[in-house]
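Chemist: Now for the letters of each chain:
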Amino acid sequence: MSLTQIRPVAQHQSPPPTPGRAKLWLHRFDNKTIPYVLISPFFILFAVFGIFPIIFNGVVAARNWRLDDPDRTGWAGAGNFTRLLQDEDFWNALGNTFGIFILSSVPQLLMALILASLLNRKLRATTWWRIGVLLPYLTPVVASTLVFSVFFNRDSGMANWFLSLVGFGQETPLDWRAEKWSSWIAIATMVNWKWIGYNALLYLSAMQTIPKDVYEAAAVDGAGPWRQLWQITVPMIQPVVVFTVILSTIGGLQLFNEPMMFDENPQSASGGSDHQFQTIAQLIYKVGWKDLDMGYAAAMSWALFLIILIVAGVNTLLTKRIGGDR
Amino acid sequence: MERLGRRGFLTVAAALAATLVVSGCSGEKLEGDSSNNKGAGAVTLKVNFWGDMGLDQLKAKYEAAHPNVKIVLNSGEYNAQHEDLQKKLIAGSGVPDISAVDEGFIIQFRSQADKFVNYLDKGGAEFESRYLPWKWKQSLSTDGKQIGLGTDVGGLAIAYRTDLFQKAGLPTDREAVSKLWTTWDDFINVGKRYTEKTGKKFVDSGTNMFNPVLAQQPAGFYNEQEQLTMDGGPKVAFDTSIKAIQAGISANLVSFQPGWDQGFKKDQFAVLPCPAWMLGHIQKTAPDQKGKWDIATVPGGGGNWGGSFWTVPAAGKNVDAAVDFVKWLVQPEQQIEVFKTVGNLPSQPALYKDPAVLNFKHEFMNNAPTGQIFASTAENLKPQFLGKKNGPTRVAVENVITRVQQGKLKPEDAWAEAVKEAEKVAKSAQN
Numbered sequence: 021m022s023l024t025q026i027r028p029v030a031q032h033q034s035p036p037p038t039p040g041r042a043k044l045w046l047h048r049f050d051n052k053t054i055p056y057v058l059i060s061p062f063f064i065l066f067a068v069f070g071i072f073p074i075i076f077n078g079v080v081a082a083r084n085w086r087l088d089d090p091d092r093t094g095w096a097g098a099g100n101f102t103r104l105l106q107d108e109d110f111w112n113a114l115g116n117t118f119g120i121f122i123l124s125s126v127p128q129l130l131m132a133l134i135l136a137s138l139l140n141r142k143l144r145a146t147t148w149w150r151i152g153v154l155l156p157y158l159t160p161v162v163a164s165t166l167v168f169s170v171f172f173n174r175d176s177g178m179a180n181w182f183l184s185l186v187g188f189g190q191e192t193p194l195d196w197r198a199e200k201w202s203s204w205i206a207i208a209t210m211v212n213w214k215w216i217g218y219n220a221l222l223y224l225s226a227m228q229t230i231p232k233d234v235y236e237a238a239a240v241d242g243a244g245p246w247r248q249l250w251q252i253t254v255p256m257i258q259p260v261v262v263f264t265v266i267l268s269t270i271g272g273l274q275l276f277n278e279p280m281m282f283d284e285n286p287q288s289a290s291g292g293s294d295h296q297f298q299t300i301a302q303l304i305y306k307v308g309w310k311d312l313d314m315g316y317a318a319a320m321s322w323a324l325f326l327i328i329l330i331v332a333g334v335n336t337l338l339t340k341r342i343g344g345d346r
Numbered sequence: 128m129e130r131l132g133r134r135g136f137l138t139v140a141a142a143l144a145a146t147l148v149v150s151g152c153s154g155e156k157l158e159g160d161s162s163n164n165k166g167a168g169a170v171t172l173k174v175n176f177w178g179d180m181g182l183d184q185l186k187a188k189y190e191a192a193h194p195n196v197k198i199v200l201n202s203g204e205y206n207a208q209h210e211d212l213q214k215k216l217i218a219g220s221g222v223p224d225i226s227a228v229d230e231g232f233i234i235q236f237r238s239q240a241d242k243f244v245n246y247l248d249k250g251g252a253e254f255e256s257r258y259l260p261w262k263w264k265q266s267l268s269t270d271g272k273q274i275g276l277g278t279d280v281g282g283l284a285i286a287y288r289t290d291l292f293q294k295a296g297l298p299t300d301r302e303a304v305s306k307l308w309t310t311w312d313d314f315i316n317v318g319k320r321y322t323e324k325t326g327k328k329f330v331d332s333g334t335n336m337f338n339p340v341l342a343q344q345p346a347g348f349y350n351e352q353e354q355l356t357m358d359g360g361p362k363v364a365f366d367t368s369i370k371a372i373q374a375g376i377s378a379n380l381v382s383f384q385p386g387w388d389q390g391f392k393k394d395q396f397a398v399l400p401c402p403a404w405m406l407g408h409i410q411k412t413a414p415d416q417k418g419k420w421d422i423a424t425v426p427g428g429g430g431n432w433g434g435s436f437w438t439v440p441a442a443g444k445n446v447d448a449a450v451d452f453v454k455w456l457v458q459p460e461q462q463i464e465v466f467k468t469v470g471n472l473p474s475q476p477a478l479y480k481d482p483a484v485l486n487f488k489h490e491f492m493n494n495a496p497t498g499q500i501f502a503s504t505a506e507n508l509k510p511q512f513l514g515k516k517n518g519p520t521r522v523a524v525e526n527v528i529t530r531v532q533q534g535k536l537k538p539e540d541a542w543a544e545a546v547k548e549a550e551k552v553a554k555s556a557q558n
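So the protein lines, in turn, are chains A and B. This note's numbering puts the first residue of the first sequence at 21, with every later residue one more than the last. This note's numbering puts the first residue of the second sequence at 128, with every later residue one more than the last.
Some clues are possibly wrong.
[Stated by the list, open to error] Here are the simulated DSS-like cross-link-like pairs (lysine-lysine), alpha carbons at most 30 Å apart as the crow flies: (1) K444/B - K264/B; (2) K43/A - K454/B; (3) K232/A - K264/B; (4) K310/A - K554/B; (5) K306/B - K362/B; (6) K537/B - K200/A; (7) K310/A - K306/B; (8) K535/B - K310/A; (9) K200/A - K393/B; (10) K454/B - K197/B; (11) K200/A - K554/B; (12) K535/B - K200/A; (13) K310/A - K197/B; (14) K547/B - K200/A; (15) K272/B - K310/A; (16) K393/B - K310/A.
No lab work stands behind these hints, which were simulated from the structure alone. Given the structure is predicted, the values throughout are model-derived calculations rather than measurements.
In isolation and in its complexed conformation, chain A is listed as follows (with noise of 0.2 Å):
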């Protein structure tokens, strides 16, 4: 059409005709509703299966209720807390978990951060190389930690073989299961395996959003690898290591299956002849369901929730110091 008949509009126009009331509620409903009707589900399944048993879990933790003898009910009130100030299995699990904790957190954050530096570098193939280091967490855990428990037979398993060759244990075969460092070195290996890839990952991802001008001017001035690393990589990745070490805390602290499948009787749940690798986590299972003393295993549930929050905030406090001014 050309330009000479585009007309004028006409200055009066009616106004849009007002939509009908049920238009304008169902319009309503439609913007304001919906999206909390839509994002339900998630809530209601939460609150079903998250919220509730946390709460049914600390009434259970404040009552007396032993499956053996069905007598026993009532209110416990504090008794269940204070008995787990006293007993010395508790205190054992806390040191055994707070151990294997600190020894499989530390190395495993510490070599996925170098194994991300490496693999920022310039290589051929790699995507094989980030897959390849993805594997170990793919792998179920129990399927993995059967192997490692095999690895680490005192007769039989590969990890003596290894020390045999260096001259180590020749008569008398170390046993793994026997001794608290020995057993805390071999649980502390089952899960740096596995989650070295994973951190490796997401540091690798934040390091690449580092720019590589940064690095030029620090090269030019003289900085070496090293340096560089925990000069510049580490405070402007720092978001993502507070990350890793919230997750690691919580985890570490939870260890359950790798003590349990590490155990020669799995069924005992008693973390060794001596309770040497008996994490909380464990702990609370046997008191539950070996012993049949519910209100004692949810009160000791509830001082792990603690201990877990207590622990996750100090390790966030002391994470955030690192970050520069970003």
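Following the hints, position chain B against chain A.
Modeler: Chain B only, in chain A's frame:
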């Protein structure tokens, strides 16, 4: 199709998907409904158990005789089945109609006797005289409710390697070997002779000496008032196992772990405390050792390791039909049938005189008359009261023995440690 446009296409796709989901979800329910409506009084019984209890043939027989009963067999893993039963009992629903419970777990469940059907209320009192007395007592709750009818027992004998005995200059004929060790001290002495001659260990583990000896004592960890009594039976058993460890005859392995399976193949031990159900395991683990194993009687004469019971949870939907099926399962004909198919030893002593049991010869075990041997050990065992905390106390004391084996605890200090650990378990029951 063109007229539908994108919106219409999406609607049709969504409708199709919804139909698939709805039909997929409701499939099972429809099937269940129709089978229940087959006829008046049609009943489906769900049976939870583990391994092979010879139920496949028995199920067909029972269903043929009772057309309105359908039996669903649910075999699972040993520990998982018991944990599942425990959880369903707490939940109060979803229980199977019949559940097999093993000797290791029966104490835990008999303390919750109100959640099970009491066989004495359903005409089960007549069964008491048929059973081995200690077997009947194991599933009897403290207030006299009978929650389990026993199906099989393990018995206990000593399996030994004839070829290794020959190399050590020991007799290999089973009568002669049984005479060698009528007491546990004799057993340890034979072990010392073997280890001195061959340099290899004799028995697989110290804990496997503790449990048989304890089972032979008149009193166990707890007396009938549920008080811990360590000085009687437990001390005798503990001293025997420590003596064996000090004599250096124990290979310090843990049963059913990969190291133990390897121990078979590497000749790391020459004898093995062996209940009836272990025979299958030996065959499976070391099939090339056929003919090299034989069975002798256990020192002390009597013994038992393992065995199961049939229980009926009270929350089940078809309690009376389930009780009828269990009563049928424990009849002599059915128990002999099970013995013939899977080798599980019945727990009713009258059956030990049945020719099927008496004349049975086990091919793998050098044609030993295993029916006779295990039956006599089961018969010779006296009933022993097992307290509520028997399981955890036993685990605690076994851990102390393991620590001595691992060299972490001196034998002289071991008994005090065992008493301390047992008292911890007993005390935790009081809180």
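Chemist: If you test the structure against every hint from before, which numbers come out violated?
Modeler: 2, 3, 7, 13, 16
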